[in-house]
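Sequences are here, hints too, so could you generate the full structure?
Number of protein chains: 2
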Amino acid sequence: MDISKVNALSYEDFVDIFGNVVEKCPIIAAAVWSRRPFVSLSALETAFSEFVDALPESGKEGILRCHPDLAGRDLQRGTLTRESLEEQAGAGLDALESAEASCMAQLNKEYKERFRFPFVICARMNDKTNILRQLSERCQNECTVERAHSIEEVKKICHLRLQDLVCHDAPNKL
Amino acid sequence: MDISKVNALSYEDFVDIFGNVVEKCPIIAAAVWSRRPFVSLSALETAFSEFVDALPESGKEGILRCHPDLAGRDLQRGTLTRESLEEQAGAGLDALESAEASCMAQLNKEYKERFRFPFVICARMNDKTNILRQLSERCQNECTVERAHSIEEVKKICHLRLQDLVCHDAPNKL
Numbered sequence: 089m090d091i092s093k094v095n096a097l098s099y100e101d102f103v104d105i106f107g108n109v110v111e112k113c114p115i116i117a118a119a120v121w122s123r124r125p126f127v128s129l130s131a132l133e134t135a136f137s138e139f140v141d142a143l144p145e146s147g148k149e150g151i152l153r154c155h156p157d158l159a160g161r162d163l164q165r166g167t168l169t170r171e172s173l174e175e176q177a178g179a180g181l182d183a184l185e186s187a188e189a190s191c192m193a194q195l196n197k198e199y200k201e202r203f204r205f206p207f208v209i210c211a212r213m214n215d216k217t218n219i220l221r222q223l224s225e226r227c228q229n230e231c232t233v234e235r236a237h238s239i240e241e242v243k244k245i246c247h248l249r250l251q252d253l254v255c256h257d258a259p260n261k262l
Numbered sequence: 089m090d091i092s093k094v095n096a097l098s099y100e101d102f103v104d105i106f107g108n109v110v111e112k113c114p115i116i117a118a119a120v121w122s123r124r125p126f127v128s129l130s131a132l133e134t135a136f137s138e139f140v141d142a143l144p145e146s147g148k149e150g151i152l153r154c155h156p157d158l159a160g161r162d163l164q165r166g167t168l169t170r171e172s173l174e175e176q177a178g179a180g181l182d183a184l185e186s187a188e189a190s191c192m193a194q195l196n197k198e199y200k201e202r203f204r205f206p207f208v209i210c211a212r213m214n215d216k217t218n219i220l221r222q223l224s225e226r227c228q229n230e231c232t233v234e235r236a237h238s239i240e241e242v243k244k245i246c247h248l249r250l251q252d253l254v255c256h257d258a259p260n261k262l
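Here the protein sequences line up with chains A and B, keeping their order.
Position in the first sequence (first residue = 1) + 88 = the numbering used here.
Position in the second sequence (first residue = 1) + 88 = the numbering used here.
Hints listed in this document are in silico derivations from the structure and should not be mistaken for laboratory results.
Model, not experiment: these values are computed from the prediction.
Hints are supplied without guarantee of correctness; some may be wrong.
No copy labels: a pair is met if it fits in one copy or bridges any two.
To be verified - Listed below are the simulated EDC-like cross-link pairs for lysine to aspartate or glutamate, each with C-alpha atoms no more than 16 Å apart in a straight line:
1) K200 to D101
2) K243 to E133
3) K197 to D90
4) K197 to D101
5) K197 to E100
6) K200 to E100
7) K216 to E188
8) K216 to E185
Quick look at the structure:
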């Protein structure tokens with residue numbers, strides 16, 4: 089889809105298509121629609137980022153808490169969103185060895201006890217080894233640092249999900 | 089459930105239970121969880137209202153756009169949330185006569201063209217005749233007035249959904 093087609097969408101169709109660009113937060117797509125027309129894919133992405141940045145800290149924590157655990161309950165139960173399933177599977181998180189799965193479960197638990205939100209990372213930019221290493225390292229972060237870091241990961245996920253849906257900006261043909 | 093049980097919930101369980109208190113906006117419940125413990129049901133409700141009020145105007149429009157049309161596509165397709173289905177059915181919107189259904193569809197269309205969000209009303213506090221009358225009347229409102237009015241309806245819906253989930257405040261037994 090190119091940006092002119094995006095700009096012509098009703099809010100219903102826009103939310104159907106972009107409602108999970110930020111995981112389980114269709115309100116964000118529904119709010120961003122108010123800012124159309126978008127001059128480019130980059131402008132659309134900026135509108136999502138700016139909405140997220142303008143939320144109070146509790147709202148940012150709310151976004152994080154709408155994310156599933158990596159290799160967690162939703163993956164096991166088959167209740168992940170389509171996007172999350174593809175991303176977790178792509179990083180090899182649906183095929184962990186027993187020791188890796190135990191380690192991931194334990195670190196996820198420690199992380200959530202410390203920060204009160206789940207570990208969020210852009211799985212498509214990492215593999216399972218790297219994800220486990222970062223999970224372990226980020227458990228040591230100070231809370232406000234970690235929240236900010238996590239929101240940057242949400243934006244990376246959003247960036248890639250938008251790229252899947254909208255054509256890259258083409259140079260103007262004059 | 090009483091408020092002490094609410095306060096003991098993990099964020100995962102809290103979002104599972106309260107995630108649709110504001111229609112299709114689990115981020116709001118996930119954010120409100122940061123404010124626990126709540127001294128009462130009223131305090132919990134206030135936390136939801138204050139989060140909504142603190143959103144930018146586009147965010148409030150986002151909330152409204154996450155609501156289904158009354159007697160609309162989602163009702164016909166069976167894709168309403170459980171809460172919305174019960175509320176719309178309770179007001180008789182699942183059993184409109186042909187003329188009423190045409191009138192509702194036409195007014196919903198006019199309303200959305202004017203305001204760029206759907207008509208939201210607390211169906212449990214109204215019947216179908218009253219809903220049709222208010223839909224017709226509110227189509228005449230000025231846009232900022234109507235947005236504010238609609239958000240108050242969201243809060244009424246939230247109030248009743250919370251009452252379904254949490255026991256009323258009992259006097260302290262000393």
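Structure-based check of each hint:
Taking CA atoms no more than 16 Å apart as the test, K200 paired with D101 passes between copies only; the shortest distance there is 14 Å, against 35 Å inside one copy. In the homo-oligomer, the alpha carbons of K243 and E133 lie at most 16 Å apart inside one protomer (9 Å), although the nearest pairing across protomers, at 30 Å, exceeds that limit. Neither within a single protomer nor between protomers do K197 and D90 lie at most 16 Å apart by alpha-carbon distance, with minima of 42 Å and 27 Å respectively. When the C-alpha separation of K197 and D101 is checked against a cutoff of 16 Å, the pair qualifies only between copies, where the shortest distance is 15 Å, while the shortest distance within a copy is 37 Å.
Taking the shortest alpha-carbon separations for K197 and E100, only the inter-copy value of 12 Å comes in at or below 16 Å, while the best intra-copy value is 37 Å. Taking CA atoms no more than 16 Å apart as the test, K200 paired with E100 passes between copies only; the shortest distance there is 11 Å, against 35 Å inside one copy. For the homomeric pair K216 and E188, the shortest alpha-carbon distance inside one copy (9 Å) is at most 16 Å, but the shortest distance between copies (57 Å) is not. Taking the shortest alpha-carbon separations for K216 and E185, only the intra-copy value of 11 Å comes in at or below 16 Å, while the best inter-copy value is 57 Å.
Checked against the numbered hints given earlier, this structure breaks only hint 3.
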